[in-house]
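Protein chains: 2
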Amino acid sequence: MQNSRSQPCSCPSLKLREVASMYFTMLAAFLVILVVALQGSAPQESDFPYKVPLDPQGLLELSWNVSYPEQAVHFQLLIRELRFGLLFGMSDRGEFENADLAVLWSDGHNSYFGDAWSDAKGQLHMDSQQDYQLLGARRAPEGLYLLFRRAFSTCDPKDYLIEDGTVHLIYGILEKPVHSLQAINVSALHGGLQRVQLLKPNISIPELPSDMKSMEITAPDVVIPSQETTYWCYMAELPEGFPKHHIIMYEPVVTAGNEALVHHMEVFQCAAQFDSFPHYNGPCDSKMKPDRLNYCRHVLAAWAMGAQAFYYPEEAGLAFGGPGSSRYLRLEIHYHNPLVFKGRRDSSGIRLYYTATLRPYDAGIMELGLVYSPVMAIPPGEHSFILTGYCTDKCTQLALPAAGIRIFASQLHTHLAGRKVVTVLSRDGRERQVVNADRHYSPHFQEIRMLKEVVAVFPGDELITTCTYNTEDRSRATVGGFGILEEMCVNYVHYYPQTQLELCKSAVDPGYLHRYFNLVNRFNDEEICMCPQVSVPQQFYSIPWNTFNRDVLKSLYGFAPISMHCNKSSAVRFPGEWEKQPLPRITERLRMPVPRCPPAPEPQPAAPVPLNLGQLRR
Amino acid sequence: MQNSRSQPCSCPSLKLREVASMYFTMLAAFLVILVVALQGSAPQESDFPYKVPLDPQGLLELSWNVSYPEQAVHFQLLIRELRFGLLFGMSDRGEFENADLAVLWSDGHNSYFGDAWSDAKGQLHMDSQQDYQLLGARRAPEGLYLLFRRAFSTCDPKDYLIEDGTVHLIYGILEKPVHSLQAINVSALHGGLQRVQLLKPNISIPELPSDMKSMEITAPDVVIPSQETTYWCYMAELPEGFPKHHIIMYEPVVTAGNEALVHHMEVFQCAAQFDSFPHYNGPCDSKMKPDRLNYCRHVLAAWAMGAQAFYYPEEAGLAFGGPGSSRYLRLEIHYHNPLVFKGRRDSSGIRLYYTATLRPYDAGIMELGLVYSPVMAIPPGEHSFILTGYCTDKCTQLALPAAGIRIFASQLHTHLAGRKVVTVLSRDGRERQVVNADRHYSPHFQEIRMLKEVVAVFPGDELITTCTYNTEDRSRATVGGFGILEEMCVNYVHYYPQTQLELCKSAVDPGYLHRYFNLVNRFNDEEICMCPQVSVPQQFYSIPWNTFNRDVLKSLYGFAPISMHCNKSSAVRFPGEWEKQPLPRITERLRMPVPRCPPAPEPQPAAPVPLNLGQLRR
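So the protein sequences, as listed, match chains C and R. Take 1 as the starting number for the first sequence in full-length UniProt numbering and just add one per residue. Take 1 as the starting number for the second sequence in full-length UniProt numbering and just add one per residue.
No lab work stands behind these hints: they were computed from the structure. Bear in mind that the values here come from a model prediction, so they are computed numbers and not experimental data. Heads up, a few of these hints could be off.
[As the list claims (entries may be wrong)] Here are the simulated DSS-like pairs of lysine-lysine, each with C-alpha atoms no more than 30 angstroms apart in a straight line:
#1 C:Lys420 to C:Lys568
#2 R:Lys580 to C:Lys554
#3 R:Lys554 to C:Lys420
#4 C:Lys580 to C:Lys568
#5 R:Lys554 to C:Lys580
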């Protein structure tokens, strides 16, 4: 007992309820004192290493840090022009319904802060457990800083669980005074969403060599088109005779003022088979764009909003230059300009850091998941339909070195219906480790992400990639393929040492799919013409999607043998029999970790915390 | 704030942790005082209206009451010969692993009480949240009384959720002193299980008429066989010319001393088609039992251990006597004698209370669920396979009166693989109300249960009965049927006013099942002979149970049209087309109610409560 310093309390007739209410009163008093105490202290920039603008005008700027020992995120929110408060929070996919919100509001005289949640109709409610913990508020010339903390997991069923991968942040601005939280009309708010990876991995930066050089691949003073979405393409080239180097790091170069417009950028290397590529500087979807630019698809670097510099592990670098490597690079920038600003000029791009002192290993990129084939299809009207792609033990046995490979980064990829992507490593039928998981995946936010832990993969291991799709807005089946309305399920894993294995993906055996079409023909009373000369997509489009046909397709994908693509390049397979392979058998699944909850005696009262912010502007 | 009576505490340097530990210290002190304070008070018998022996010797006797306003059960446990403590608790199906336990233990000097849980290996752990709240302990000449309270739902994931229907109570006796909870070896305990309906409905007893008479149907001084399980059959008969009466209530008559042996009892009326039935008094499975007794299956009354008197609603009674009603009754008693006592004599039975002043309505019994047909089958090795039986809108439209019927009681029935039974009322495609649900159903504990709320069923309503089966110990399919190793899914609902509808059940359309067998033949590479001349059970037995065949059977049952039995008696259908009927469509499901948790400031410390019980006997 540590209460010897306090005055002994003699409370002979104290009842349980009185003890409890006393306890909460004292706790509330303690918190108010805490807020006042922290109002003066100005945190260092380095305290919050990650930063992202929330709105397209950049009026709201979020900085944060992640404490893995505490299992908590500390947020610093800069509000440049505070009106009568704001909402900040998280939700499954960026919607304002069923969201978990920190709310700052003012009735015109006093300001309050509270943890709230919105129900399925968007109505706000005070949370019974206050888990956005206000740590301070500070006025500065640039605006108001709010500091608060949130545990990854709160065990409050109304709260969002902060997980690895994409988090959809939402914000809303209160433009009138409100007298209570309940009075806020979420649907009438000026607000929006921003996707970030909140839980950045805690990786120590490798030492950089003294001979490191850098090269900027940037847009040449482009005028950002005054439309919401532009993909800008710009061709750059390496000096002639540029020898083999290792890229060991890269970072974004974003033109000051355009932080909220430059959504993501990628540098691709062109195919070595062509001696030269034409110059180009214009929108990627322009009819003027030379077709040959479609042969520039090998990713050298990728950045998306909120991401920081990307470092290769100490032992590896990404080879570029030298014989067998194209001199031509394509920069692609996605400008997101929802407020349709006109005449903004931009010279953003990516700065590559490279060295001539080659590191021990070349890094490589391998494609896991599903073959781009229409045999893998998603019925229409599905809320979460799962497709699974396999990299089997037989393929890794043949293609990986005995010492294995180390996966250190991963980029998940689907088209528009993708909602979740997870890759798991399985060994001897037992799932061992998550390679990368994004349970709030968005096709609009595809970053190369450093893994928290490097994953070692050995010959005989299996890599299983599951993608979850939503086709509720579609009226016909979505088949696998390259088209924007077709689907993909891919995890590009970055690893070393580089091997010949470029592609380890699967698709259902076409013979079994044919049996499925026959079964549908025979089982259903409806007359469907599924003549064999009709294409697979046509057969899928003609299926009447009753529950039986849906269920049996799921069962088929969970049972039928697969055709493996265990390839050296997209067209050359490793020698072996790859048709009608058995599905990997999983005898033991990884359990979802049970969220750790905050220690018991740390609740906060379900009441707003008053704040002294002075008079807010009208 | 109510703490004005206490001395104000001046605690200038009090930190959060200190406040919390102070709080818990005070709470613990409060509890110890509570225990001491309650040790003197002797509760009235009427405080605990429900009573059941836990062990076959009757050394442990549990009484309890249910407070629906508090959402809690109060237990009084009488321990006739306390050794070094005991375990009492609840688990999913009566196992000692993953159980929720209240433990009283002694180290030979001091006694302790605590809330514990056992893990999957049977190891005990103190619960971080103490939800079995000790209210008192009292020595009396007959033994030690322990009084404690448990909320239905505690929101502690380690705790059992007390729901409607069967609860598997477990007990264990400590025969040696133990120095801590962790030292208790659950597998070496002398213990057992008892099934009860803990959450008895809170129904007010209807007024009984002054002309009420009673009649005892009891065993004539039977010597209970010295074997674990006996079903005893005894034929009784009503006086000749006994006119129509209404049974309005019945209650058990259990011979004193045999409370732990008489497991359940039923009174059946014989079929009116036979003028007379032979006398019989002997085991039901004896070869000497006349075959004609198999025609005595119409339930008049049923009682099981822990059940109280059964009252018909004020407006209704169960007709017996008069023309068209057999004079012959069969009493069936299940003796459960695991300790194989010899020479115990028993005259238990059921006392019927009846009146000649007929009530406005005759009560009736209707069978819901699945037709006894092999077309409904469960693959082997399933943990929880669900079969569903339907009473469709078309049938209720035709057979029920415009004013509807009122269901007031229900008896669930499956054979040995049954684990859960639930009947739900659906109207216009929306599930409205649970008729009866037992999520811990046991085929060894089939009571007629009064419903908490009378359920009104109108023409056009649908009654959907789902049964969940476990066939993990079986190596071949389990088909529907009458045999003990075949399965049933039935809910006998008791209702008024009586209608002609005796049976409203379904089974999958046999033509669609035939398509399933064909599909299995064609889809699987294995060669299975499923010639049409082979019986349905034989076809099921020959299926290779891979995941695809299992999944597709589930999909079939969830999709294929049904054959309806909408019958006046088991052989006579209502006129109409009953084959290839569509499955009822459900557009809105009932949500499982979110358990209400105890109000926040009522935790108890995770420490055992010391008890002053004096020296325990060695």
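Original post:
Are the Cα positions of Lys580 (chain R) and Lys554 (chain C) separated by 30 angstroms at most?
Top reply: Roughly 26 angstroms separates the two Cα atoms, so the pair holds.
**OP:** Verify the proposed pairing of Lys554 (chain R) with Lys420 (chain C), using a straight-line Cα cut of 30 angstroms.
**Re:** holds, 27 angstroms
Original post:
Has the given pair, Lys420 (chain C) with Lys568 (chain C), been kept, meaning a C-alpha gap of at most 30 angstroms?
Top reply: holds, 28 angstroms
Subject >> Restraint status (C-alpha distance of Lys580 (chain C) to Lys568 (chain C) at most 30 angstroms) >> reply: With Cα atoms ~20 angstroms apart, Lys580 (chain C) and Lys568 (chain C) stay inside 30 angstroms; holds.
**OP:** Given the hint that Lys554 (chain R) pairs with Lys580 (chain C), test it: the Cα-Cα distance must not exceed 30 angstroms.
**Re:** holds, 26 angstroms
This entry satisfies every hint, going by the numbered hints stated previously.
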